Amino acid sequence: MKKKITIKDIGRQDGQLAEIRPEDLVPLPYPYDQPVSQPGIRQMTADQKKKFETSLDGISAIGLKRPETREEEEEFVTKFLSGLKKLLSKENNWTFLQPLMLSLENCAKCQNCSDACPVYTESGRQEIYRPTYRAEVLRRIIRRHLKKENKLLAKFTGSDIDLDYTTIARLAELAYRCTLCRRCAQSCPIGVDNGLITHEIRKIFSQEMGIAPKEIHEGGTVKQIRTGSSTGTTPKALQSFISFIEGEIEEKTGKPIKLPIDKMGADVLLMHNTGEFISWPENVAAFAIIFDAAGIDWTLSSNLMGYDAVNYGVWYDDVQFSRIAVRHMQAARDLKVNRVLVGECGHAHKAMLVVADRILTGDLNIPRESAIPLLENIVLNDRIKLDASRNNFPLTLHDPCNLVRLSGIVEPQRRILRKICPDFREMEPHGVDNYCCGGGSGFAVMDSNNFSDWRSSVSGRMKLRQILEVFQDVISPDIHKYVCAPCSNCKGQIRDLFSYYKVSEKCSIHYGGLVELIVNAMVDIKGPFINWETV
Amino acid sequence: MWLLLLTYACLIIFVAGLGWRIYKYASLPVHLRWELYPVAHEIGKPYGGSYLEDEGWWRRPRKINLLGESTVFLREIIFFREYFRSNRRFWLFVYPFHLGLFLLVLWVVMLLIGAILALNGLTVSAISANLWLQMTFYLTLVSGITAFILGVFGTVGLLLKRSFDEDLRNYTAPIDYFNLLSILLIFLTGLLFWTLEDMPFNATRGFVQGLLSFKAAQVSPLMTANIVLSVLFLAYMPFTRMVHYVAKYFTYHKIRWDDEPISRGSKLEGKVRKLLAWHESWSAPHIRPGETWSEQAAGTGVADTKEASK
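So the protein sequences, as listed, match chains A and B.
Under our numbering, residues 1 to 535 are what the first sequence spells out, in order.
Under our numbering, residues 536 to 845 are what the second sequence spells out, in order.
The set of hints was computed from the structure by calculation and includes no laboratory data.
Since the structure is predicted, the reported quantities are computational estimates derived from the model, not experimental observations.
DSSO-like mimics (lysine-lysine), calculated; alpha carbons at most 27 Å apart, straight line:
no. : chain 1 : residue 1 : chain 2 : residue 2
1   : B       : K789      : A       : K85
2   : A       : K85       : B       : K806
3   : A       : K85       : B       : K559
4   : B       : K783      : A       : K109
5   : A       : K151      : A       : K8
6   : A       : K8        : B       : K696
Sequences are here, hints too, so could you generate the full structure?
Here is the structure:
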């Protein structure tokens with residue numbers, strides 16, 4: 001039997017700590033029940049291994065480069081400790097210090113949270129992915145190297161852990177093997193939050209050491225602050241997307257609907273994840289069609305920070321987070337709107353409606369809502385004419401963690417689907433007990449090295465299982481099926497999962513948003529809005 | 536007399552230590568919202584929904600169900616529902632263990648009541664004329680006996696589980712065994728003392744009476760051992776993670792269920808404004824050290840923003 005990895009092993013110097021083998025992963029349902037039908041994880045080449053830190057599990061998420069000299073290694077350790085010290089200080093971390101201290105000091109190590117974690121269970125119970133593993137590493141570092149417990153006491157309290165480049169580099173990678181779905185926190189009887197501890201570890205690396213995945217820092221928050229969007233879409237580019245979408249709407253519906261932009265004093269400022277404009281323009285179009293039909297007084301913003309609702313800072317950096325949150329509201333304030341509505345983007349819901357709440361004071365505290373309750377109001381009060389039989393295909397709902405467990409928006413989307421989709425079926429579990437798509441906390445946009453293989457094989461595995469299970473009775477590729485995922489990042493992850501396993505070809509399961517289904521059921525629209533060739 | 540003095544000293548340390556721990560958590564600054572649904576005080580959303588499900592929620596006054604919140608919290612504390620739901624095998628030991636501790640506290644309270652009554656010339660016994668005195672006697676008896684039996688069962692179970700279950704063993708340090716063994720010794724000496732020497736708990740009540748009146752009572756070696764172990768443990772506990780019962784109040788009420796939205800001119804907004812004026816000193820290249828949180832949020836972190844206006 002393989003020897004179990006212990007906490008102390010995080011500093012082991014004899015090569016890669018854990019290996020992710022396809023045969024260890026939990027088997028998938030039909031038609032992926034044979035190992036041969038599943039793609040594996042690409043191995044890093046010898047050259048890549050030399051260049052990047054892969055000694056945790058052979059995966060490189062953040063592309064951490066190895067220091068070349070002993071001095072550089074020592075500086076790395078010193079910087080980490082200085083960041084850790086700041087993380088535990090009020091001035092530098094008032095934002096999360098109370099939850100962090102409570103979680104660090106009170107875990108009973110009962111492991112009740114382990115089974116709640118889809119990454120841990122689906123990986124075949126890889127010890128390093130256990131929710132308590134990285135938290136326990138951090139606790140021990142704090143006791144042994146910050147509070148300077150002597151060696152004997154450290155042995156007694158179980159905090160004897162070595163601190164060198166290897167330990168810290170592995171911890172940095174390990175902070176990006178958790179999707180921050182916080183299912184583990186939900187299952188903890190004491191209320192310890194290992195997801196939060198992961199979030200805080202990421203902050204040490206980003207806020208003190210300048211280390212974060214390039215897709216969420218340079219290519220994410222920095223790019224958004226600089227150009228207006230993490231996609232690089234500038235205000236000027238936005239205008240061309242809008243013209244394109246207006247053309248599409250007219251072509252599909254025959255209606256010359258204009259997307260209002262920078263309308264001063266509008267009731268609603270709608271903010272999308274700009275990824276929708278590029279990858280799923282039909283979602284932006286569907287919102288416009290519904291709002292137009294229901295007579296909503298709404299607008300988009302072309303202000304530099306007014307058109308992309310994303311805030312990647314919520315995953316790894318409080319400073320970047322607050323910069324974006326403040327700018328979002330400045331854009332809304334400039335337009336003098338009554339309220340800001342977040343489109344189908346899960347993390348933007350959590351960031352803007354929940355986490356940013358205690359940053360936005362005075363005139364930046366503009367009412368912020370999810371767009372889903374307004375859609376519910378429109379659909380359930382018959383403000384537009386709908387024919388449910390147009391959506392007569394098997395359909396399931398994926399719950400984005402940020403929408404349900406982390407923002408408490410659970411039923412409005414269901415009430416809509418029950419009304420307009422006759423064959424709506426729930427995955428198990430769902431609602432606040434849902435499983436993450438596997439792309440949470442930035443993973444959906446992270447593609448460096450072999451990380452995308454890992455998220456399709458490991459972190460997204462539970463979601464794929466749920467989707468396949470809910471459609472087992474209609475799994476034949478002759479029957480079109482739809483996964484409704486009201487979140488851009490979840491859609492991105494599901495797109496990648498489906499492409500990795502060829503789900504659309506093998507099972508004819510497709511994915512899309514919520515508004516597309518509403519428009520598909522609108523009697524005023526001539527043809528079907530959902531195109532099975534493109535979803 | 537030394538036993539009395541030791542008990543007083545340990546009780547003082549316990550109260551001070553616990554107070555310090557509570558103060559430490561309570562005095563930490565308001566944090567950013569980080570709630571986790573279901574939030575127990577939401578009204579009419581048993582599936583875990585929030586007020587964010589309601590269009591225009593900010594137009595209406597916020598209503599919360601504090602009774603519902605307390606009920607859920609108490610149910611979790613009294614029955615350990617989460618373990619029962621998700622890890623029944625662990626619940627089988629962890630629940631009796633904690634129930635033993637709760638009953639031990641009840642036993643001490645009953646002993647205190649009995650001692651106060653006795654100091655006022657009333658006799659607490661099975662044959663007392665007054666029904667309340669009889670009830671005090673029996674409740675002391677039942678809480679004490681069940682506490683010791685459940686405690687021994689639960690602690691032995693937890694010790695075995697921690698020793699033989701690899702998932703738990705890997706995360707268990709010598710201090711954890713030390714803590715459990717200490718608790719086991721307290722329960723065991725209590726059980727032995729009750730069986731062999733003080734079935735009606737009269738001598739124990741006598742000791743408590745002595746504590747209240749500063750008079751040393753007659754105590755046997757076995758009872759001395761039980762008292763010494765118990766009070767030393769009490770003095771030690773506030774400085775360990777065994778005070779997670781204090782933490783639990785905060786993790787539930789102040790984090791998981793803290794969904795209070797900020798409103799203009801509110802007390803909460805005042806607190807947040809003060810925090811935003813604090814200076815931070817993070818050192819990454821995109822952060823300007825020494826600025827306040829507000830200044831930091833207003834800045835871009837990069838020198839060149841011209842590209843933005845293109």
